Structure formats: structure tokens, C-alpha cells
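Chemist: For the record, the sequence lines run as chains A and B.
For the first sequence, position 264 (counting from the first letter as 1) is numbered 264 according to full-length UniProt numbering, and the numbering increases by one without interruption.
For the second sequence, position 2 (counting from the first letter as 1) is numbered 2 according to full-length UniProt numbering, and the numbering increases by one without interruption.
Bear in mind the hints are in silico, worked out from the structure with no lab data behind them.
The structure displayed is predicted, hence computed values, not measured ones.
Any given hint might turn out to be false.
Stated by the list, open to error - In silico lysine-lysine, BS3-like type, Cα no more than 30 Å apart, as pairs:
1. A/K138 with B/K102
2. B/K102 with A/K83
3. B/K89 with A/K138
4. B/K89 with B/K18
5. B/K92 with A/K138
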Amino acid sequence: MGYMCWSSEIAYSGGMARFAADVPTRGGFSFDLCQRNEMLLKKGNQLPTFRKTGTTIVGLVFEDGVILGADTRATEGPIVADKNCEKIHYMAPNIYCCGAGTAADTEAVTDMVSSQLQLHRYATGRESRVVTALTLLKSHLFSYQGHVSAALVLGGVDITGPHLHTVYPHGSTDTLPFATMGSGSLAAMAIFESKFREGLTRDEGIKLVSEAICSGIFNDLGSGSNVDVCVITRGQTEYLRNHQLPNPRTYVSSRGYNFLKGHTGKTGEPYIPPNPRR
Amino acid sequence: MGDSQYSFSLTTFSPTGKLVQIEHALTAVGSGQTSLGIKAANGVVIATEKKLPSILVDETSVQKIQLMTTNIGVVYSGMGPDSRVLVRKSRKQAQQYFRLYKEPIPVTQLVRETAAVMQEFTQSGGVRPFGVSLLVAGYDDNGPQLYQVDPSGSYFSWKASAMGKNVSNAKTFLEKRYTDDMELDDAVHTAILTLKEGFQGQISGKNIEIGIVGADRKFRVLTPAEIDDYLAEVE
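Extracted from the complex, chain A is given alone in its bound form (with noise of 0.2 Å):
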């Protein structure tokens, strides 16, 4: 899956070690500090993690366009960090794209490729093709190598038709009648796999696209919250932000909570207030 891996700079670790002196740079992957860092790891040094957020995110195609949903927890380690953020991002009217992954990275690169793609329309005249914000997308991540930790579920509809893309941290992408990514992902494929058909309509399209991000949301720690859907079809774009919300909040006294003295347990221990003079 498209998850972020330091050991990848080491797999490529070995070989002769060329000093820059002699030979000039040609460009690609500079493979010069690999054996420093299987040095470092020898001696007990580990690479810093990065902070991922769990995410459930789907996306499929039916009869009259492609559906996207997500969940909206974003979660830093086991804290709850926005309990209704947004993961559907604006690309263009007719394309939209789930971000999985650190939420930074997925944000920064929507972002960019959005002003790119806006660019481009004013240079053609022409709506802009899922494919080329692929193109662009993916351009980009290879070239960070998978640093930028941003997991896609891409999904529009253009002159060519319906169209559904996953796109991993390292830059490789997949073409699919359905997907999901996050780490919610199995979940939702589970009911990906059972109940997917080609020529779904619209609402049976929503329906199992809910039931897809309930199935994240539930079985999965790391998504939680509600379900943004997001439909696209020829000429029309609906952002159904807040679909369902499977997780109210519930037990709220309306008298408010009121802690009477002596319910708190004690110790034992003498309380010593701490000398003012230090």
C-alpha cells in the first residue's frame, strides 16, 4: 500500500562509493548518503516517523458519473484532532479529489495542482481532464520520492467520460471502477467487493458509498465522525458536505454537570505546597 517507508533508502545501499570530485552529476536519485545511513542505523540511530492521519476515503464510478466519499476525523497519533474536517478537495468544477495521508501534504498538493489546472484552462479555453491532474499529480509526488505523504482517490467527469484514479505517496496510480485508500480502507473494500456493480444510479451509488465510509468509520480507529459525499456528473458537481452523521453526541445533561465536593478520591498523601523562596 502506499505507505511511507524510510528503509526504502536503504534498499538501494551498496555498490561503490563515487567521491563528487571526480564525476559530474547527472541528475536522479543521489544514492551518496546511503551508506552513511546504514552507518547510522548499525550504531542505534533510527530515522525520525512521520505523523499520519487516519482516513477512510472511497470512490466509485456509476451509471451517470463517479461518487466520492470520505470520513472527516483527522488524528494526530491517538488524539482526535478535528472531529469534521474536510477531505474532499477542489480541483476543478468537474474534478475533485479524497486526500489521505498528512493532512498538510494532501492539502498543499490539491492546492497546487487546482492552480495549475486553473492555469492550464485559461491557456487551452477548455475544461480541464482528469488525466492531466493525474499527470500533474503524480509528477509531482515521484519527484519527492514519497516524502510528500499524500494518498488520492481522484475522481471526475470530462469530455472523455466518467473517470476514477488512486494515486500512492511514490508517485504510481491505479485506474479503477472502485477504490479506497486510508487506513479504512480494507473495511470499505470489504463492502466495495460485495455490493459493487457497474450502472449503479445515483442513489444506489450514495447509498453504498455511505455504507462503504460507516464501514471506515466504525471498524476503523483511525476514521470516525461523519460522511462527505461528493457527486459528479456531465455538467453538474454536488458537494453533499455532512451527508450522514452516524455519531452524534449523546448523554448531554441539560442541567450541566455539576462535581459536588468530596466525589474525587484522594491519595492519602499530605499535600505540600511548593516553598515560594526558591
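Please arrange chain B on chain A, whose structure you already have, making use of the hints.
Modeler: Relative to chain A, chain B alone:
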């Protein structure tokens, strides 16, 4: 004239305090095809002659009025290729502004940045000034706006302005006809009449171009069919 001795280098002032290359650039603009702009109460219209060098040229492939953003358009008088470079740079700057501030660029800011680019080319080595004056028309939170940017990099806001060949006649005509409470449709009619003044030959939807932006904030270039409708109304 003593000035001509200083006309070889862009970055050298003449004794009269002029940069002669910029004067020459303005002459290049003055011999370009007429273009004009009018700011109405609820929108802006810009228009230009589209005289092609030969009847064999496919006029559908030529578009002089271009979009810089969804709500800002531009027309030029002078050298077409120079305007294309400026439009390209301005589009990119508008996108960069949006990426930074998450807000569409205001018309004044875009005009400033475009003017700054034009000024750069009057104070650098090895380059020449742009041989175009631009009329930038846009509608943003501050309402409808019309700006003219010159090769020197100076810019002014106008209620109505003209540039190119027939500039003095056109401006006199506009001064007489302009009213502050004009509607966009009236402005389009006035623009057509102004172009008609100095037009050689039969005016039609195929040899003029008109761009408008209204309160909907969507700049668009009128199709030849729409222009013909307006022409029919004018007659």
C-alpha cells in the same frame, strides 16, 4: 535633437529627463489598433478592433481580449506577442495570490503586479519595454473597475479610456457620451459607437471584439452573434 543621442539605451536618462525608449514604446502603442474601455454603474466593457492582415486569416483563431481571472479581463493596443507574455505572468501571479491568501485577487492588486512587471523591463539590462498598453477590466468587492497600464509601468483608474490609433477622437467622443449612471448595456452601445467613429470599412461581429463583466463577476468575451445583435440595436 539631443534626445536622440540617448535613445540607444533604456537605462540612460536623456538630458530632458526622459527615457526615450519608453517614449518610443508609447509610439508603438499609438500606432496599434484602437481599443477602449467604459466603466458602467453595474459593470465594465472593453472593446477593440480586430483588423486581420488578410482575409485569408481564420478570425476564430484570434482572440485579443483575454481572461486574467474569472472576474478580470484585459485588452491591449500595440504588440500582440508582448501582451501575451504579460497576460501569462499576470495569470500566474493571480494564482499565487490565491494560493497564499485563499481569496481571489482584487483588481487593484493584479494591476499593481502587472505594472510592476512592466516597470522591471524599463530598468533592467538587455531587455526592452513592453510595446503594449493594457486596459484591465474587473468586478470585485470594490465594484466595477477599469485601469490602464502603460509601458512605463504607470497605471491609472479610468471611467472611460481609449488607446491606439484613433485615441484623441475616441476620447473626445467618450467624454461627450459618458455618464456616471450608465448601465452595462448602454456602455456596450457607446463602446460600439466609439469604435464605429474611426472604423474603416464595414463594422461587424467578426472584426471587433467586446468583453464584459457584470455584477455576476464573470468576465466573458461576447460571441460574434451577440455583437451583431448589439450592432443591430445601435443602428
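Chemist: Which hints from the list above does the structure break, by number from lowest to highest?
Modeler: Every hint satisfied by this model.
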